[in-house]
Amino acid sequence: MTKSVDRHKRGVAVVIGSGSVKCAAALGLVNALNRAGIAIDMLVGCSAGCLYATMIAAGRTTAEAAEMTRVLWTSEIAAQHDRRAVFRAMFPKLLGFDARFGLRSDRLIMQRMRTAFGDMRIEDMKIPLHLTATDFATGNQAVFSSGRAIDAIRASIAVPFLFSPWPIDGRLYLDGYMSDPLPIGVAIKEGAGVIVAMGFESPFQETISTAGRFAFQVSAILSNNLLKSQYSFHALSHHAEVISIIPEFKQRIKLFATEKIPYIIEEGERAAEAQMPYLDRLLSAQSAA
Amino acid sequence: MEIETNTSGGITVVGIRGSVDGLTADELMRTFTERVTAGSVKLVADCSALDYTSSAGLRSLLGAVKLARQHGGDLRLAAIQTQVLRVLDLSGFTGILKHYPDVQSAVTSFAEPA
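Chains as they are written, first to last, in the working numbering: chain A, 1 to 289; chain B, 1001 to 1114.
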């Protein structure tokens, strides 16, 4: 069952978009909100943003969440080739090929997520949580507001070609960024009036030296254009106030650059801090109304 | 937010200082509406002192552009700061609004053939 938002409470909905390790910037946002005395009354996560949304919703502190990321999100999770998948792609008629295709084994990431989240359920979180993925058969956005957290997270980080789509209740799901890299619409649909959205554009490749980099470049082009079109639709066609926070990273952040987490958090905090005076005035005006 | 308007040579420059957001967007829209209904349809928003725009601010800018264009004019943006430009770019505004590095260029652009 979906928990609704208490409109009289001085709180905001936080949406954390896709962005790999850059999503750790959301921890800086949480620090800024805490200092300003602003509560989070809903969390929405997409792709790696699901990891942070879940940790925050579960009540983890910023330090705990940063440490969990360092353990969970290392390059080793995508290092192990799934040789059977490669052969099945090369000889589909001989070996058989199906929709559960991914070039990397998910064994390690699943093992680490089990350690980190166990059997935590989305509906039992301290803060109402919604995690998004993409229905592989229809391309529609899927929103998980209940069920086992690691299933929804695994579905939402199923980067096409890298990790296989993930089955939940008989359907297959792909990475959430494929349907909306910054799912503000979910917060609007769940009744949020003030939405703080932290989004990230996918980085473009400096050189295209491998087929993998080529695929990442194509994916970044699609994802960034989708981010813009979805953001503009949600920002312009609804009454909800959307405060976008886009941290500026002067350093290049690679996919698994967990050593840069302190810097990422700092930049997230800096970008969020700039919006706190306005948020404070807005929420005060709403409480007084 | 503070607004300062200055009309010269048929072009109105609207200087916006501070943040255009849920608390201030109506005031900005009111200013643009008053100007357009008074016949000033060639508008330049001087964004050099504009710190931030939320979705409410975007909606008011879009409303002002539509209004100005419906009356045969336009709203053009000038001197947009990096943080605001990122929000405008993210929301697709840079694809539908003309923007210039400084106020003078934006004012001059109205003299150029469309």
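Just so you know, the hints here were simulated from the structure itself, not pulled from any lab data. Even glycine gets a Cβ: it sits at the ideal position worked out from N, Cα and C. A hint or two may mislead.
Unchecked claim - One side only, chain B facing chain A, incomplete, derived with CB under 8 Å: (1) Met-1001; (2) Gly-1022; (3) Arg-1030; (4) Leu-1085; (5) Arg-1086; (6) Gly-1092.
### Query
Which numbered hints turn out to be false for this structure?
The structure breaks hints 1, 3, 4; every other hint is satisfied.
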